[in-house]
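Protein chains: 2
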Amino acid sequence: MVRGRISRLSVRDVRFPTSLGGHGADAMHTDPDYSAAYVVIETDAEDGIKGCGITFTLGKGTEVVVCAVNALAHHVLNKDLKDIVGDFRGFYRQLTSDGQLRWIGPEKGVVHLATAAVLNAVWDLWAKQEGKPVWKLLVDMDPRMLVSCIDFRYITDVLTEEDALEILQKGQIGKKEREKQMLAQGYPAYTTSCAWLGYSDDTLKQLCAQALKDGWTSQRSQFPRARLFLFHLSALLSLQATSFPHCSSALLPSDSRLCRFKVKVGADLQDDMRRCQIIRDMIGPEKTLMMDANQRWDVPEAVEWMSKLAKFKPLWIEEPTSPDDILGHATISKCHNRVIFKQLLQAKALQFLQIDSCRLGSVNENLSVLLMAKKFEIPVCPHAGGVGLCELVQHLIIFDYISVSASLENRVCEYVDHLHEHFKYPVMIQRASYMPPKDPGYSTEMKEESVKKHQYPDGEVWKKLLPAQEN
Amino acid sequence: MVRGRISRLSVRDVRFPTSLGGHGADAMHTDPDYSAAYVVIETDAEDGIKGCGITFTLGKGTEVVVCAVNALAHHVLNKDLKDIVGDFRGFYRQLTSDGQLRWIGPEKGVVHLATAAVLNAVWDLWAKQEGKPVWKLLVDMDPRMLVSCIDFRYITDVLTEEDALEILQKGQIGKKEREKQMLAQGYPAYTTSCAWLGYSDDTLKQLCAQALKDGWTSQRSQFPRARLFLFHLSALLSLQATSFPHCSSALLPSDSRLCRFKVKVGADLQDDMRRCQIIRDMIGPEKTLMMDANQRWDVPEAVEWMSKLAKFKPLWIEEPTSPDDILGHATISKCHNRVIFKQLLQAKALQFLQIDSCRLGSVNENLSVLLMAKKFEIPVCPHAGGVGLCELVQHLIIFDYISVSASLENRVCEYVDHLHEHFKYPVMIQRASYMPPKDPGYSTEMKEESVKKHQYPDGEVWKKLLPAQEN
Chain C
14 MVRGRISRLS
24 VRDVRFPTSL
34 GGHGADAMHT
44 DPDYSAAYVV
54 IETDAEDGIK
64 GCGITFTLGK
74 GTEVVVCAVN
84 ALAHHVLNKD
94 LKDIVGDFRG
104 FYRQLTSDGQ
114 LRWIGPEKGV
124 VHLATAAVLN
134 AVWDLWAKQE
144 GKPVWKLLVD
154 MDPRMLVSCI
164 DFRYITDVLT
174 EEDALEILQK
184 GQIGKKEREK
194 QMLAQGYPAY
204 TTSCAWLGYS
214 DDTLKQLCAQ
224 ALKDGWTSQR
234 SQFPRARLFL
244 FHLSALLSLQ
254 ATSFPHCSSA
264 LLPSDSRLCR
274 FKVKVGADLQ
284 DDMRRCQIIR
294 DMIGPEKTLM
304 MDANQRWDVP
314 EAVEWMSKLA
324 KFKPLWIEEP
334 TSPDDILGHA
344 TISKCHNRVI
354 FKQLLQAKAL
364 QFLQIDSCRL
374 GSVNENLSVL
384 LMAKKFEIPV
394 CPHAGGVGLC
404 ELVQHLIIFD
414 YISVSASLEN
424 RVCEYVDHLH
434 EHFKYPVMIQ
444 RASYMPPKDP
454 GYSTEMKEES
464 VKKHQYPDGE
474 VWKKLLPAQE
484 N
Chain V
14 MVRGRISRLS
24 VRDVRFPTSL
34 GGHGADAMHT
44 DPDYSAAYVV
54 IETDAEDGIK
64 GCGITFTLGK
74 GTEVVVCAVN
84 ALAHHVLNKD
94 LKDIVGDFRG
104 FYRQLTSDGQ
114 LRWIGPEKGV
124 VHLATAAVLN
134 AVWDLWAKQE
144 GKPVWKLLVD
154 MDPRMLVSCI
164 DFRYITDVLT
174 EEDALEILQK
184 GQIGKKEREK
194 QMLAQGYPAY
204 TTSCAWLGYS
214 DDTLKQLCAQ
224 ALKDGWTSQR
234 SQFPRARLFL
244 FHLSALLSLQ
254 ATSFPHCSSA
264 LLPSDSRLCR
274 FKVKVGADLQ
284 DDMRRCQIIR
294 DMIGPEKTLM
304 MDANQRWDVP
314 EAVEWMSKLA
324 KFKPLWIEEP
334 TSPDDILGHA
344 TISKCHNRVI
354 FKQLLQAKAL
364 QFLQIDSCRL
374 GSVNENLSVL
384 LMAKKFEIPV
394 CPHAGGVGLC
404 ELVQHLIIFD
414 YISVSASLEN
424 RVCEYVDHLH
434 EHFKYPVMIQ
444 RASYMPPKDP
454 GYSTEMKEES
464 VKKHQYPDGE
474 VWKKLLPAQE
484 N
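In order, the protein sequences belong to chains C and V.
Residue numbering for the first sequence is 14 to 484, as defined by the numbering used here.
Residue numbering for the second sequence is 14 to 484, as defined by the numbering used here.
It cannot be assumed that every hint is accurate.
Treat identical chains as interchangeable: a pair holds within one or across any two.
[Unchecked claim] In silico DMTMM-like pairs for lysine to aspartate or glutamate, Cα to Cα no more than 20 Å straight-line:
#, residue 1, residue 2
1, Lys183, Glu59
2, Lys218, Asp57
3, Lys324, Asp100
4, Lys92, Glu483
5, Lys189, Asp215
6, Lys95, Glu314
7, Lys388, Glu190
8, Lys63, Asp93
9, Lys300, Glu76
10, Lys145, Glu422
11, Lys189, Glu317
12, Lys324, Asp471
13, Lys324, Asp153
14, Lys183, Asp60
15, Lys324, Glu174
16, Lys466, Asp452
17, Lys460, Asp57
18, Lys451, Asp153
19, Lys321, Asp170
20, Lys326, Glu461
21, Lys63, Glu175
22, Lys218, Glu59
FYI, nobody ran anything at the bench for these hints, they're computed from the structure.
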């Protein structure tokens, strides 16, 4: 049973100096320091349980998100957790529709990232008090209660409360079997650990060779840092080639375990062609190659560029242009809220949908997107990586399979092997699959030691680095 | 000639306690304290000229925007103004595409508001150094130089650099005459000073009666604060009824000076019907009534609600749903960047376009939107009000008439009679028109005394108010 009144909220700026090694670099984000605004909420209950929430950022600007979390704090403090989860839709709306704060969003950018961090902490607290991981809390929750967590504002033209209830009720059929299956086999993953533009050709070749040699069938801990695209996604054999006009639409072999590679493109065409050639030469003609332009292009530029890259037969092209461009979009997109996702679905502008556990408004808003995707029968392939995105999103996608989509066809969850060592309950990958977490909560809790060390600008790591960077 | 290196950037949180009087309240923003993040930049030049920039906010959250301005400051400091304006597109892109900060936007919400404040200050500085108001700086600028201020990323599928140049070159024809006309007659305005939901029926009736009695043909200073919709928009007689399916499409009389009223709706249908009835009874069947729902509705709700309000014959319905909803939109919209405007134009989803001097990325991004509107032949009717929005946007719309649209047909600029007394160069309204400002700069400079008094939380005003609000 939920208990306690929220008595304290703290938020810290935690940054990892990933830019030093070129990790995470893409066409638009050339020097990211993977970072998080890290929220901890405490209650006056005697159990001492804390809720931890994060949102992912790229270094500079984390202090702005921290400032926004503090601006939201008064909506959380002194509330009974029982009242929050008893009217979670109302609470969500209170956070996102504050009469004054709404102006600096609404439901996008800094304020929405801050909202996600706060709500992620609330979900972690709730699940911990119930003694369940978040995915299990969701799977066991009555459909009516689930629906009461969702704010349907701006999406009722494609998904009403009744639609949502109907989908969830249908999802009850076969739920137990799917839960067993998840516990035994996990949810299929692909990884993007080192498609980064920051790596040299030699590093790329070396990591690619190693990935091909190793495959990805054993546990994460046996692997070195920063590896390239690790795959063997047995559950994913029938992913279709997309309808992007200049991409290959060759049928993919469906009878073998595939290696899947994702490469960042978009900064320089000649460079992209050389890198794609290296990879395609190494992986051969049959293995799957995905591309991600990270919003680099205009629409005509995307068409021209991809017509040149088409010969390397990409499966999909991710974020070819502005995330605000519904009409210019193609294939697959990360979005900032449910309204943008709704339109991409309405406009039939995407063939795969990428949810994000920290850019959308936590579990609540992701639930609405999972349900809309189900209604439109678009497979969800979550965005992950960063700091903690894998830890969080696994709960959502496992719930999606057990209670909503009931299908693994064309579905796969991104995995990046970075920074998991800073989490108290890190993801567990086995046989290229996310194994369902068993610890109570949302897997959001970081090790206190890591947080202290990486706090910006006063943690040990930054105290050493900053003077060096200034010289 | 531009001169000097930016040697200092300061930013302050300035708030006016407008919520105390119910001013500015609408369906989504029930208790706004009109506020600004106020930026001042200084150079090492001996002239002592400072550039002032603002972005408009609603109270809480201003501190988050202030924090974002500080995060952007390093892009401005120690730059030569000559280098900034010499490659203004490059500088704009540097601000909006910072490899780390971009993640917490991009080009939307807090970061974009902060970008606007910084760039507004740069434009003010530039114009002051040239000894011209911003509108005149723009009007006199060579089309190639103008185009070099615009970032075309994400919009080249509807507007290329060549398109823009062609439009601006055509705009040279008759420019001198239009400039003379503006200086003599000004740009037509309408006002929304008190359509606010925060006012009682009695206040509404009283203000409405007074507005009808007074008309709006004399100078602003002769009018009391917080007046209702003041009109007599002689230049605007042929505005068409919109295509919103349930709105009146009766032809408007085109041979008389019209009173125009805008009413905020969307919080409570019965309440809206009563208020609209009061206004329509007072103004009679011929005068124009506009409605603004401030993003309150879902799409089906907007259709149902407006079918009930249709009998009051609104001219347009503003922001019926989420500003992110391209496909669900109707008629008129304020947007957060050029990419959203582009799509609304592509989707033929609006009949009037509202630019905003502080939500978009300053003059630079507004230029791109004005040019796209010209290409699609959609009339621009700027959003104004708030703190300083009128002061800024008048420069853009006067430039638009002289150098881009060359038309006043169906065009009008919003005016709200709030808080101008805090500005050093306040707007001048004559015969219901914005008279072109003559002082050098962007009219963004506030009176130092006002800033000091209203700084949050340490200014005199807040030192008195805050303890009272806590009790």
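### Task
Just pull the numbers of the violated hints for me, sorted ascending.
1, 2, 3, 5, 6, 7, 9, 10, 11, 12, 13, 14, 15, 16, 17, 20, 21 and 22
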